[in-house]
Amino acid sequence: MPMWMPIFRCNTLRHGTAYRPFASRLTKICLVVLLALLPSIAHGEDRFPPPEFRTPYQIPTTQTPAIRAYWLGYVDVAVLAVALGLAAYFVYRKRSRRGVFVLMLACLIYFGFYRKGCVCPIGAIQNVTLAIANPGYALPWVVMLFFLLPLAVNLFFGRVFCAGVCPLGAIQDAVVWKPIQLPYWIDASIGLFAYAYLGLAVMMAALGSNFVICSYDPFVSFFRLSGTVPMIFLGAVFLLAGMFVGRIYCRFICPYGVLLRLLSPFAKWRVSIFPDKCVNCRLCENSCPYGAIRLPTPPQPARISRADRLRFIAALLLVVVLPVIFWMLGVATGPRMATADPTVHLAQVVQRAEKGQLPTLTLQRDQLEVFRKSGQTPDDLYEQARHVQHRYANAAGWLGVWMGLVIALKLLSHVLRRRRTEYTADPGACLACARCFKLCPVDAAEPQEERIVAT
Amino acid sequence: METDPSRRDVLSGAVRAAALLGIGGALGALIPSHARGETAWQIDPYKCIQCGKCATECVLEQSAVKCFHSFGICGYCKPCSGYFHTEPGAVNTGVDNQMCPTDALKRKFIEDPYYEYTIDADLCIACGFCVKGCSLHGNGSLHLQIDQSRCLHCNWCSIAAKCPATAISRVPADNSYKLKTRTRTS
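Protein chains in written order, with the numbering used here: chain A, 1 to 455; chain B, 1 to 186.
Hints were generated in silico from the structure; no laboratory data involved. Note that the structure is predicted; figures quoted are calculated from it, not measured. Heads up, some of the hints might be wrong.
Said to hold, decoys possible - Below, in silico cross-link-like pairs of lysine-lysine (BS3-like), each with a Cα-Cα straight-line distance of 25 angstroms or less: (1) K116(A) <-> K132(B); (2) K268(A) <-> K94(A); (3) K373(A) <-> K132(B); (4) K438(A) <-> K94(A); (5) K132(B) <-> K162(B); (6) K438(A) <-> K268(A); (7) K162(B) <-> K78(B); (8) K94(A) <-> K116(A); (9) K47(B) <-> K373(A); (10) K132(B) <-> K108(B); (11) K162(B) <-> K373(A); (12) K47(B) <-> K108(B).
Unchecked claim - Computed beta-carbon distance windows for the label pairs: (13) L358(A) <-> K162(B): 15 to 23 angstroms; (14) T297(A) <-> T56(B): 52 to 60 angstroms; (15) R182(B) <-> L358(A): 34 to 42 angstroms; (16) F53(A) <-> A90(B): 24 to 32 angstroms; (17) I190(A) <-> P32(B): 36 to 44 angstroms; (18) G25(B) <-> T297(A): 37 to 45 angstroms.
In this text, a Cβ means the ideal position worked out from N, Cα and C, and glycines have one as well.
I would like the entire structure built from these sequences, with the hints used as guidance.
Structure follows, in structure tokens:
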């Protein structure tokens with residue numbers, strides 16, 4: 001038996017007797033026997049018998065403040081549905097930026113400051129993943145509807161959720177002041193981070209280790225008016241930079257935005273520019289803070305050059321090669337990533353302690369103490385940790401395949417980039433914020449049905 | 001591409017239909033998962049080691065964790081080890097003798113030698129000092145619980161992520177407290 005066990009018990013008894021008003025020798029002995037036999041309930045229940053009151057005193061029951069009523073979750077879903085409908089109405093029917101803006105602020109107040117940013121479709125990705133990966137996890141209806149409803153609406157009206165409903169989008173949209181246009185290649189390359197973030201979040205949620213999207217939500221601290229200093233700092237940086245680069249989180253980080261971006265090109269109605277009406281005035285390009293208006297490509301020679309052909313072949317090869325390379329990278333780094341898992345972390349602490357390196361952090365010391373009290377052997381724990389590491393290696397391999405495919409397909413699409421002779425609204429990047437409507441001179445001049453920004 | 005809008009429309013219509021089917025499928029596939037109902041975060045008081053993380057790790061400015069008192073277990077002791085410091089300067093209720101740093105643990109005289117201990121939840125900061133004292137030397141009737149009316153029901157409890165005893169887990173929302181009882185249930 002390790003040294004600390006008897007020491008702990010002695011302590012318990014010494015102090016216990018000091019405060020026991022009616023302790024007899026017999027109870028003391030009984031206590032020793034009880035503690036020795038049942039170390040698992042050494043918390044000390046019944047050290048003192050319940051008093052027998054002479055006065056008519058009623059032992060009160062413990063008050064348990066009630067949880068938020070279940071049906072209120074459906075109010076949230078209803079608000080979400082109405083807000084999505086209103087957003088589509090303001091963008092496509094009323095064509096009103098003011099309407100979208102007011103709706104956006106209302107949703108910022110409701111979903112952000114009133115509901116404190118939870119539940120949100122971005123975070124719901126993880127719940128859905130966990131429910132699929134772990135059948136033991138109960139996915140609440142509300143969370144599932146929050147995840148699916150904006151996706152379904154996106155298939156009809158494009159990213160109106162981003163424009164008018166999402167509180168994270170709203171807080172960023174509200175601070176856009178003098179947006180600069182990022183060069184396409186910067187926009188596209190930083191945007192790859194969102195795909196990696198989505199992959200990582202899905203992986204961590206599927207393995208049941210953590211919900212990274214929620215842990216690193218930069219704006220939720222503002223909604224709750226409390227948070228850790230690094231996250232408040234990050235949020236402030238995003239908002240300050242967001243005055244000049246519109247919606248940094250939405251464009252380069254948001255994992256739900258990736259899903260919407262991939263689906264919105266197939267939307268039934270979306271914001272687009274009619275080529276036969278466009279007068280190439282470039283006003284919409286200047287009005288879009290999110291770089292969603294794509295310029296006409298410079299004229300290219302009719303013949304495909306040798307360099308172009310080589311580039312195409314290289315990109316095709318990369319579609320096969322990159323996923324394999326990234327898969328190997330993932331498998332190699334997976335076990336190291338597994339330190340994010342509590343079991344693996346504990347195993348490392350225990351292993352170091354077994355070698356005589358006692359942890360310096362209070363948290364790790366506590367973990368070690370709990371582990372030693374649990375009676376589990378270190379070898380059992382190591383075995384579990386190895387199992388988790390194996391799962392991590394596997395999952396990180398798939399994460400690598402995903403990233404390899406994303407990067408390779410992005411390159412391929414770049415090589416294959418079609419010739420654009422007119423201005424177009426990128427269906428993936430356009431958030432349907434309705435800023436460009438007002439500035440379009442054709443839009444203002446023509447009667448309703450001739451407007452260039454189509455439904 | 002622009003010359004053949006009909007083909008593009010058909011293609012995008014097909015993808016849209018497939019995606020909608022997928023969404024419907026997800027809805028259907030995840031229904032069994034829902035059948036087990038809503039959940040909330042709660043502390044298992046028998047696992048809790050009163051490390052103090054509950055006071056500091058909650059996303060709320062004032063932690064949603066509070067001290068709860070199971071009166072049925074309490075010995076109603078006059079020299080309560082949850083109320084007084086282990087080595088108080090004097091056995092009176094002076095603030096420097098008390099375990100609770102915020103005076104949230106109140107005591108009321110019932111009859112000699114019994115005192116009733118209650119918690120003012122608005123003052124309680126979930127430091128767990130009283131819980132530690134009560135578990136170590138007393139009956140362990142004081143324990144930490146997540147006050148469900150204050151909890152934001154975060155997607156992943158930030159205290160659970162730091163709890164060294166992994167005492168915090170999801171519990172059914174309709175039975176969301178794990179109060180200590182005389183006959184231990186968990």
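Now for the hints, and whether the structure bears them out:
1. K116(A) <-> K132(B): The hint is violated at about 32 angstroms.
2. K268(A) <-> K94(A): 18 angstroms, holds
3. K373(A) <-> K132(B): 16 angstroms, holds
4. K438(A) <-> K94(A): Holds. K438(A) to K94(A) sits at ~12 angstroms (cutoff 25 angstroms).
5. K132(B) <-> K162(B): Roughly 19 angstroms separates the two Cα atoms, so the pair holds.
6. K438(A) <-> K268(A): Distance of about 23 angstroms is within 25 angstroms: holds.
7. K162(B) <-> K78(B): With a Cα-Cα distance of about 35 angstroms, the restraint between K162(B) and K78(B) is violated, given a limit of 25 angstroms.
8. K94(A) <-> K116(A): 30 angstroms, violated
9. K47(B) <-> K373(A): 11 angstroms, holds
10. K132(B) <-> K108(B): Holds, because 21 angstroms separates the two Cα atoms, which is no more than 25 angstroms.
11. K162(B) <-> K373(A): 19 angstroms, holds
12. K47(B) <-> K108(B): Violated - the C-alpha atoms of K108(B) and K47(B) are around 29 angstroms apart, more than 25 angstroms.
13. L358(A) <-> K162(B): 15 to 23 angstroms: Given about 20 angstroms between the Cβ atoms, the range holds.
14. T297(A) <-> T56(B): 52 to 60 angstroms: 55 angstroms, holds
15. R182(B) <-> L358(A): 34 to 42 angstroms: 38 angstroms, holds
16. F53(A) <-> A90(B): 24 to 32 angstroms: 28 angstroms, holds
17. I190(A) <-> P32(B): 36 to 44 angstroms: 40 angstroms, holds
18. G25(B) <-> T297(A): 37 to 45 angstroms: 39 angstroms, holds
Against the hints set out earlier in the document, violations occur for numbers 1, 7, 8, 12.
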